[in-house]
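K.L.:
Given next are the chains, with one letter for each unit.
Number of protein chains: 2
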Amino acid sequence: MAFGTASPRRAPGRLKSWELDEARLRQLKVNQNRLMDELHHTCQWGTGERWGPRDTETGMRRLSLSDADKEARDWFVDATRALGCDISVDAMGNTFAVRPGREQGPATFAGSHLDTQPSGGRYDGILGILAGVEMLRVLQENRVETAFPVGVVNWTNEEGARFPISMMSSGVWAGDIPIGHAHALQEVGGGTATVKSELERIGYLGLIPTSYEAMPMAAHFELHIEQGPILEKEEQKIGIVKGVQAYRWYTVEVIGQEAHTGTTPFGSRADALLAASRMICASHTAAADHGALASTGVLTLSPGSVNTIPGKVKFSLDIRAPSDNIVDRLEKHLKSDFDAIVSTESTKALPLSVTWRTDSVSPAIHFHKDCIAVVRASANSVLGGEALLREMVSGAGHDSVYASRRCPTSMIFVPSRNGISHNPKEYTSPEDCAIGAEVLLQSVLRYDGLRSNLNS
Amino acid sequence: MAFGTASPRRAPGRLKSWELDEARLRQLKVNQNRLMDELHHTCQWGTGERWGPRDTETGMRRLSLSDADKEARDWFVDATRALGCDISVDAMGNTFAVRPGREQGPATFAGSHLDTQPSGGRYDGILGILAGVEMLRVLQENRVETAFPVGVVNWTNEEGARFPISMMSSGVWAGDIPIGHAHALQEVGGGTATVKSELERIGYLGLIPTSYEAMPMAAHFELHIEQGPILEKEEQKIGIVKGVQAYRWYTVEVIGQEAHTGTTPFGSRADALLAASRMICASHTAAADHGALASTGVLTLSPGSVNTIPGKVKFSLDIRAPSDNIVDRLEKHLKSDFDAIVSTESTKALPLSVTWRTDSVSPAIHFHKDCIAVVRASANSVLGGEALLREMVSGAGHDSVYASRRCPTSMIFVPSRNGISHNPKEYTSPEDCAIGAEVLLQSVLRYDGLRSNLNS
Numbered sequence: 230m231a232f233g234t235a236s237p238r239r240a241p242g243r244l245k246s247w248e249l250d251e252a253r254l255r256q257l258k259v260n261q262n263r264l265m266d267e268l269h270h271t272c273q274w275g276t277g278e279r280w281g282p283r284d285t286e287t288g289m290r291r292l293s294l295s296d297a298d299k300e301a302r303d304w305f306v307d308a309t310r311a312l313g314c315d316i317s318v319d320a321m322g323n324t325f326a327v328r329p330g331r332e333q334g335p336a337t338f339a340g341s342h343l344d345t346q347p348s349g350g351r352y353d354g355i356l357g358i359l360a361g362v363e364m365l366r367v368l369q370e371n372r373v374e375t376a377f378p379v380g381v382v383n384w385t386n387e388e389g390a391r392f393p394i395s396m397m398s399s400g401v402w403a404g405d406i407p408i409g410h411a412h413a414l415q416e417v418g419g420g421t422a423t424v425k426s427e428l429e430r431i432g433y434l435g436l437i438p439t440s441y442e443a444m445p446m447a448a449h450f451e452l453h454i455e456q457g458p459i460l461e462k463e464e465q466k467i468g469i470v471k472g473v474q475a476y477r478w479y480t481v482e483v484i485g486q487e488a489h490t491g492t493t494p495f496g497s498r499a500d501a502l503l504a505a506s507r508m509i510c511a512s513h514t515a516a517a518d519h520g521a522l523a524s525t526g527v528l529t530l531s532p533g534s535v536n537t538i539p540g541k542v543k544f545s546l547d548i549r550a551p552s553d554n555i556v557d558r559l560e561k562h563l564k565s566d567f568d569a570i571v572s573t574e575s576t577k578a579l580p581l582s583v584t585w586r587t588d589s590v591s592p593a594i595h596f597h598k599d600c601i602a603v604v605r606a607s608a609n610s611v612l613g614g615e616a617l618l619r620e621m622v623s624g625a626g627h628d629s630v631y632a633s634r635r636c637p638t639s640m641i642f643v644p645s646r647n648g649i650s651h652n653p654k655e656y657t658s659p660e661d662c663a664i665g666a667e668v669l670l671q672s673v674l675r676y677d678g679l680r681s682n683l684n685s
Numbered sequence: 230m231a232f233g234t235a236s237p238r239r240a241p242g243r244l245k246s247w248e249l250d251e252a253r254l255r256q257l258k259v260n261q262n263r264l265m266d267e268l269h270h271t272c273q274w275g276t277g278e279r280w281g282p283r284d285t286e287t288g289m290r291r292l293s294l295s296d297a298d299k300e301a302r303d304w305f306v307d308a309t310r311a312l313g314c315d316i317s318v319d320a321m322g323n324t325f326a327v328r329p330g331r332e333q334g335p336a337t338f339a340g341s342h343l344d345t346q347p348s349g350g351r352y353d354g355i356l357g358i359l360a361g362v363e364m365l366r367v368l369q370e371n372r373v374e375t376a377f378p379v380g381v382v383n384w385t386n387e388e389g390a391r392f393p394i395s396m397m398s399s400g401v402w403a404g405d406i407p408i409g410h411a412h413a414l415q416e417v418g419g420g421t422a423t424v425k426s427e428l429e430r431i432g433y434l435g436l437i438p439t440s441y442e443a444m445p446m447a448a449h450f451e452l453h454i455e456q457g458p459i460l461e462k463e464e465q466k467i468g469i470v471k472g473v474q475a476y477r478w479y480t481v482e483v484i485g486q487e488a489h490t491g492t493t494p495f496g497s498r499a500d501a502l503l504a505a506s507r508m509i510c511a512s513h514t515a516a517a518d519h520g521a522l523a524s525t526g527v528l529t530l531s532p533g534s535v536n537t538i539p540g541k542v543k544f545s546l547d548i549r550a551p552s553d554n555i556v557d558r559l560e561k562h563l564k565s566d567f568d569a570i571v572s573t574e575s576t577k578a579l580p581l582s583v584t585w586r587t588d589s590v591s592p593a594i595h596f597h598k599d600c601i602a603v604v605r606a607s608a609n610s611v612l613g614g615e616a617l618l619r620e621m622v623s624g625a626g627h628d629s630v631y632a633s634r635r636c637p638t639s640m641i642f643v644p645s646r647n648g649i650s651h652n653p654k655e656y657t658s659p660e661d662c663a664i665g666a667e668v669l670l671q672s673v674l675r676y677d678g679l680r681s682n683l684n685s
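Protein chains in written order, with this note's numbering: chain A, 230 to 685; chain B, 230 to 685.
Any given hint could be a false lead.
Which copy is meant is left open, because identical chains are indistinguishable; a pair holds if it fits in one copy or across any two.
Simulated pairs of lysine-lysine, DSS-like, Cα-Cα distance not exceeding 27 Å [to be verified]:
#1 K299 <-> K654
#2 K654 <-> K543
#3 K299 <-> K425
#4 K462 <-> K541
#5 K245 <-> K598
#6 K561 <-> K541
#7 K654 <-> K462
#8 K245 <-> K258
#9 K299 <-> K245
#10 K598 <-> K258
#11 K541 <-> K654
#12 K598 <-> K425
#13 K561 <-> K543
#14 K543 <-> K299
#15 K561 <-> K245
These are calculated hints, taken from the structure and not from any lab test. The structure displayed is predicted, hence computed values, not measured ones.
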């Protein structure tokens with residue numbers, strides 16, 4: 230790759246990261262206007278649906294490996310190279326911009342993704358990358374020298390929207406998704422483009438193997454919008470993300486008996502929709518009792534006629550909890566609840582039945598205690614105390630899930646207005662974006678300082 | 230119409246209907262084999278899906294005004310004319326076969342329909358017509374003279390399957406559906422054929438106005454399969470149908486807020502599907518309390534993604550009860566229940582809302598006491614007592630609903646195996662068909678006798 234060559238080494242810094250005390254760290258300020266101007270500048274590539282009158286009040290549609298994605302990637306390469314970084318692109322298009330430190334070694338990374346949902350917003354993923362670039366700018370303008378390299382990584386196809394695997398390329402990097410499988414994935418919607426053909430087409434099929442061994446990371450910090458309502462509701466500014474919830478997805482199928490709504494008394498029915506409705510209600514009650522979540526987002530029935538009792542209903546069931554044990558217990562509880570509903574609703578002549586299919590299992594992720602501690606110290610510093618921060622567990626998956634399998638990792642959440650994401654109206658205020666970026670900056674510097682102390 | 234001419238008058242009968250005592254009535258036997266052979270003979274026109282190995286083990290697909298329907302109609306005209314009937318065809322293709330009596334006057338009719346659902350069975354409608362023809366045969370072979378004319382009417386497009394109005398032509402006859410509207414109806418599925426063009430094409434666009442004034446009926450008796458499980462479950466043979474349930478159809482729409490299933494705590498959700506599920510459960514509880522029925526056969530939601538809480542759910546609600554008062558009370562009860570569910574599930578920031586749209590209102594139908602009494606006496610006679618009969622309210626609509634608006638009417642139900650209808654597997658045993666046909670025969674004769682006594 231053309232980008233793979235090293236840029237000239239920078240002159241020794243005025244500030245040494247390993248010498249920064251709390252007071253000096255606090256002086257390293259993110260430039261809020263610059264951060265937001267640059268963020269909105271990059272949203273010219275893949276601008277989406279308009280929701281308000283201002284220039285910046287649109288969503289984004291920047292599908293992975295599209296022309297718009299290529300333009301955003303090119304900007305990322307140019308911007309980080311201009312800030313003194315070496316650029317490496319791997320065989321999945323993951324792009325690592327690394328700013329050299331005093332010593333050789335794996336970099337401490339800020340990472341996220343530049344791709345969006347087809348009807349996404351300006352913050353999910355994008356903020357994490359732009360805050361990383363702003364971090365490089367702050368280091369540059371303050372002539373900070375770090376003990377080890379620091380960098381920013383843009384992961385390919387986090388959304389799984391165009392090519393249907395989420396967190397695809399961090400998954401390949403971690404060794405959990407075979408590269409052949411990822412390369413061969415076809416775009417959704419009937420097109421013939423594959424991940425590999427599109428990587429080639431836009432010039433991002435790099436030569437470096439996609440692997441934690443070929444491109445090790447010392448740590449991975451990800452600033453991300455919360456995508457939920459908790460911080461806003463609690464009037465807090467920073468979520469220190471300790472891990473990611475466990476979740477399991479199931480398809481539950483209830484089989485009853487089609488019958489005429491007018492001629493079939495209740496005692497002679499096997500109403501698959503009534504049983505499914507009771508199950509959905511029961512899943513919420515049980516999940517609340519276990520401190521977990523249960524949700525149904527898809528439900529289909531047949532035959533689908535006003536005067537015919539449904540004989541078959543299928544619904545999705547998504548259960549989540551901070552620990553795998555809780556998910557286990559909730560699954561057991563619900564299987565027993567659903568069996569009880571089926572047996573209560575059945576008559577001798579007309580039995581109902583229920584079957585479960587497990588579609589997806591994602592164990593709980595626990596981030597690294599050092600990274601969590603570093604984020605906590607940084608948030609404390611930026612916010613001047615504990616009142617405006619809280620520990621959280623992420624409800625959604627992120628590239629940090631796969632990163633955490635191969636290096637110390639944590640995440641930083643900032644508030645999402647109305648808890649909305651994956652929507653053009655996704656919004657985080659400039660102030661909150663800047664606070665998050667400052668926590669990210671400090672976290673990377675503190676972690677670098679930690680490495681230096683451990684090594685000295 | 231060619232059929233409209235009168236056939237030669239029959240010689241005076243050996244038996245006079247107005248002189249028949251209970252013992253002699255009981256001697257007038259339906260020929261079960263002849264009835265069933267003829268029924269299955271007519272099922273050569275529009276034979277449907279096979280469900281068993283025997284010749285007669287198929288369903289029916291005889292859409293109204295199709296070629297198959299024309300062939301069945303031609304058979305009906307030929308068979309009834311051969312039995313001494315005058316044939317009249319009206320402007321909707323309703324076909325009245327009338328056997329003259331001692332005196333002039335409107336006939337007492339057995340009526341039903343020869344059309345079927347696209348995936349229907351051999352009994353719904355067909356049995357009522359075939360039992361009427363068998364009635365004519367029994368009268369013929371026993372040389373019975375009736376006081377007034379008796380007849381059989383085949384109503385056009387009862388099913389509303391090909392042309393989407395149920396009980397279409399009895400509705401025009403009763404003055405409830407304008408003939409212009411009915412004539413202009415296009416076939417479903419994108420074809421350009423209309424009711425009128427198809428009536429012309431198959432030669433059944435009659436000259437007689439479709440009206441209870443142009444073709445008055447003294448009474449209308451309809452033998453029909455129950456289409457429900459009650460008679461089979463109670464091991465009874467005859468349902469004396471006192472009327473037809475009131476029903477109302479609604480579309481209920483619940484609006485909440487789309488949100489991520491993983492990042493949105495229960496307290497921050499406005500889950501439209503959870504609320505809808507609670508409503509469906511509540512509708513069953515309330516309907517049971519009121520002695521009514523409530524059913525949901527259609528439910529759609531958006532956006533329909535496993536990890537997105539549905540922001541909008543629409544579902545059909547079909548409520549039925551023997552009286553309009555009960556339906557009124559149930560509707561009120563459910564509106565209050567649904568409002569309560571919406572307010573319990575709402576949070577201040579994220580309100581849910583529910584709206585009702587009424588799609589269809591069908592008031593309760595109460596059949597005529599004289600006709601009900603005549604059916605009861607006939608069923609008592611045929612079954613030798615009260616044990617095997619019961620009074621019922623029809624859950625489904627029939628041509629008798631419209632007939633009852635313009636003449637004394639009642640219906641006779643026979644058991645449906647497993648309560649199944651509108652399905653190839655619809656089945657009623659030959660014995661039960663014959664019992665029903667014998668009750669129909671006696672009912673028409675008893676009603677004719679009643680008219681004679683009233684007039685004497």
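K.L.:
Would you mind marking each hint as holding or not holding in the structure?
P.N.:
Consistency of the hints with the structure:
1. Proximity of K299 and K654 under a CA criterion of 27 Å is satisfied intra-copy only: 24 Å inside one chain copy versus 60 Å between copies.
2. In this homomeric assembly, K654 and K543 come within 27 Å of each other (Cα to Cα) only across copies, at 25 Å, whereas the closest approach inside a single copy is 31 Å.
3. Within a single copy, K299 and K425 get their C-alpha atoms as close as 14 Å, which meets the 27 Å cut-off; across copies the closest is 62 Å, which misses it.
4. Proximity of K462 and K541 under a CA criterion of 27 Å is satisfied inter-copy only: 23 Å between copies versus 40 Å inside one chain copy.
5. Taking CA atoms no more than 27 Å apart as the test, K245 paired with K598 passes inside one copy only; the shortest distance there is 25 Å, against 102 Å between copies.
6. For a Cα distance limit of 27 Å, the shortest separation of K561 from K541 inside one copy, 23 Å, qualifies, whereas the shortest one across copies, 30 Å, does not.
7. With identical chains, the CA atoms of K654 and K462 are at most 27 Å apart within one copy only, with a shortest distance of 18 Å there and 57 Å across copies.
8. Taking the shortest alpha-carbon separations for K245 and K258, only the intra-copy value of 16 Å comes in at or below 27 Å, while the best inter-copy value is 111 Å.
9. Taking the shortest alpha-carbon separations for K299 and K245, neither the intra-copy value of 35 Å nor the inter-copy value of 96 Å comes in at or below 27 Å.
10. Taking the shortest Cα distances, K598 and K258 sit within 27 Å of each other inside one copy (26 Å), while across copies they are farther apart (91 Å).
11. Taking CA atoms no more than 27 Å apart as the test, K541 paired with K654 passes between copies only; the shortest distance there is 18 Å, against 37 Å inside one copy.
12. When the C-alpha separation of K598 and K425 is checked against a cutoff of 27 Å, the pair qualifies neither within a copy, at 37 Å, nor between copies, at 79 Å.
13. Taking the shortest alpha-carbon separations for K561 and K543, only the intra-copy value of 19 Å comes in at or below 27 Å, while the best inter-copy value is 31 Å.
14. Neither within a single protomer nor between protomers do K543 and K299 lie at most 27 Å apart by alpha-carbon distance, with minima of 40 Å and 41 Å respectively.
15. When the C-alpha separation of K561 and K245 is checked against a cutoff of 27 Å, the pair qualifies neither within a copy, at 54 Å, nor between copies, at 75 Å.
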